[in-house]
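S.K.: This is what each chain is made of:
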Amino acid sequence: MKIQDYIPIVGRSTIEELYLLAEKLSGKVVLNVNSTLTGGGVAEILNRMVPLLNQLGVDARWEVIKGNDRFFQVTKKFHNALHGLREDITPEDFDVFADVSRKNIDEVKLNGDVFFIHDPQPIMLVNKRNEVGGKWLWRCHIDISHAEEKVWRFLRDFVVKYDAAVFTAPSFSRELPVRQFMIAPSIDPLSDKNRDLPTDTIEAILAKYHIGNEKPIVTQISRFDRLKDPVGVIQAFEQVRRSFDCQLILAGGSATDDPESEEVLKEVEERAGGNPDIHILTIPPNSDMEINALQRASTIIVQKSLREGFGLTVTEALWKAKPVVATAVGGIPLQVRNKFTGLISHGIEGTAYAIKQLLSNPEYARSLGQNGREHVKQNFLITRHLAEYMLLFLALGRQEEIIYL
Amino acid sequence: MNWLDIIIPLMVALASVVLAFWARRVLFEAFTRWAQKVKWQGANIVTESTYGVFHLWLLLLGIYVALRVSKLSSGLVTFLGQLFASLFIISLALVVINITQRMLQLFSGKSRLPEASITVLYNIIRIAIAAVAILIFLDIWGVPVTPILVAIAALILVGLVALRDTMPNLFAGFQLAGEGKIKEGDFIRLESGEKGYVVEMNRSTTAIKTLSDELLLIPNSKLIRTTVINYGRPLKQAKQPFHFCSHLHLHELTGLKATNLRELVNVLKNVPDSVIYYHTHNFLEEQQYLTPAPPNDFAPWVSDVLGDEILGEKLASIDTIAFPTLSSLKTRIVNVIEEHIGQSVDLRKAPEGREFYFLKSLGVVTSTNYVAHDLREFIEVLRQIPANSLYFHIFESRLRLSKGMNDFSIWLADSLEEKDLADAIAQLDPYHYTLEGLRSTVIQLIEKRIK
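Residue numbers (our numbering), protein chains in the order written: chain V, 1 to 405; chain P, 406 to 856.
One thing to keep in mind: the hints can contain errors.
What the hints assert, rightly or not - Mimicking DSBU-like on lysine-lysine, the simulated pairs with C-alpha atoms at most 35 Å apart in a straight line are:
id, chain 1, residue 1, chain 2, residue 2
1, V, Lys150, V, Lys109
2, V, Lys24, V, Lys77
3, P, Lys600, V, Lys2
4, P, Lys754, V, Lys356
5, P, Lys588, P, Lys442
6, P, Lys674, V, Lys135
Worth flagging that the hints you see were computed from the coordinates, not collected in a lab.
Modelling step: build the complete structure from the supplied sequences, incorporating the hints.
M.R.: In structure tokens form, the structure reads like this:
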């Protein structure tokens, strides 16, 4: 993707601003470090952002730490514990983490002016800061507000050695003695998941899943996970269906590697009870265009999560100018401003009521959708993300509240 | 020798010369009358350039007629005929070249065509006339000209291929200069969006200086094919130009949060101004498309999360524009909440995850390449600057940089002495517009002033 390709979407002046910021970073090396080159949200973001930063003229680089299976089992446990899930973490686990990290400290080439360390896996690299110098940033992509204390205390000792920490939403952060910034994630409007699609493609994908488009479509896109409350969505839909002839799509990634997910899928199918208006779709991996088409074919998008990260599926729906009904969890309130860019609901009845409100007022639904798209355009596209990262690199070490570049 | 063989040709020559002189007089008088009637300035050039040489031509004509009636050998007559014809052709070519040069001088004086273009045109014409004269000369002396013509045609073809990109621009340059509708110093805007002051027009390109101080070279052929708006000459120049800045911001987390009104007000009392600025302006920046945007973050939190719509409305109606400083605005917000708490016993608590998180705004100001020296430039820049720039000069400078007034009004009053226009912009309540709405309102005010 070329940076110039974004001009028709965000305007020339926005891209000019990016060049201006990049120019100020001239001569500085920004080194990103995470734990994998492929798979997962962080690698996906870096895969897009590092080349774009390079195109702008920023010397952004990317290194990956190494680890064995045992190390990644421990970091998976850490990840779950930071999300607030119960995990049995032993002293040996901490030792494994520290041992592999020490090895990485010796092996990873740390050359740069700004070290941008992503998530907990490479967090201990900061122990080398006295030796390599530079500014150090810890980018936390996880909601740690309900983190298991033992793990958090262990990680906190390293976080405080950084110059600043970066979180996705205010509610994801913790009290820390270092500066904390909020930078929301973003979507790429030119990716397969978000780019415009021809009507033929959308219709072909609907046909593939045997879904007609004669009735309004209510959709929730998310993996089959109890925290996404798919059963609650079916219950809300059943209430709506009593007075509106419509259909429901529940679509998520295929679940062969996650036993709990298979269990949830079974529950969902049982709850749907063969209702022909409920389409439960397991979408294979790398089917971004199919997800895109299902979102674009929808009349309303629902995200009835009980817990949520930032909720990029909501961002994707808003970008497609779809009216959204979502719960106020995680990063969703930053995106769905109730009655401005969508509707916030709290329970099954509230979700059903909001869906009915939108189905019976298409003009209102349309205006929410349009506002939603504008909101994403201004705040949650990759171009804004690039700008904020560059601002952050430039602002490091400056104490003023207004910085003149 | 028969004397008649000499006298008759002499008499014929004399008669021819007399007749020709009489014809010349009639011809010149008729030409002069016609020229006076149509007021053609080129007539003088034609008469002055041909008057003297006409004598030579008449003499040659008389001698040529005499030779035809003489008894001289046909070989000698042919030779002398060729000689006189050659003399005539040479002198005619020189006269035509002279007329062309003087005509071009006259034309260039009127057209403001660049000197270089005139020289090129003159040289082309001179070479063409000389070439034709040489061809006729050779033809008179019986030299075969077809191979030369073929060679010339080939040369012209090669020349046209080599100059295929330059020629359209060259002719377009002549057309532009001839029409005189675009002149150096004019401010123009092309259909494709390029705009700026015309600083130079030469034979192939027109140079315009953009408002961001870049020099654009536009091929003349493009300029005549596209729609061009010519705004004419610059307006009154400002004492100091206006340099546009842009503003971006980072959200810094303070680690502070509130779950009810009491906590909200207690934290508010102790936070720095940058926190107040963030929560009274963030909505405006993030939701530029909404009109009117909610005026601060406190009102929707109190209404939607705490369910206290009465206080929500009170907070929403705090008129940010009425406060000259952030601390006075903070005091007002604190007072409104405290008054309300004093009247109410019910301190509702925000559900988990929906607490009020205090953030502060870290402003980053960058200079841009956009500069305005007069009102027209100012409008043109206003049309293209990012919304962040407009935001900075209207909101940030007034309240956060404590200037008390927006930057535009300060510049209009101080550097352009446009006091009324400055007041008109200062009197707008920018909090009731979207940024795009504000942009077009300011542009309309200035356009009205220019008209």
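S.K.: Compare the structure with each hint and give your call.
M.R.: Each hint tested on the structure:
no.	hint	in the structure
1	V:Lys150 / V:Lys109	30 Å, holds
2	V:Lys24 / V:Lys77	40 Å, violated
3	P:Lys600 / V:Lys2	26 Å, holds
4	P:Lys754 / V:Lys356	29 Å, holds
5	P:Lys588 / P:Lys442	32 Å, holds
6	P:Lys674 / V:Lys135	33 Å, holds
In terms of the numbered hints stated before, the structure departs from hint 2 and from no other.
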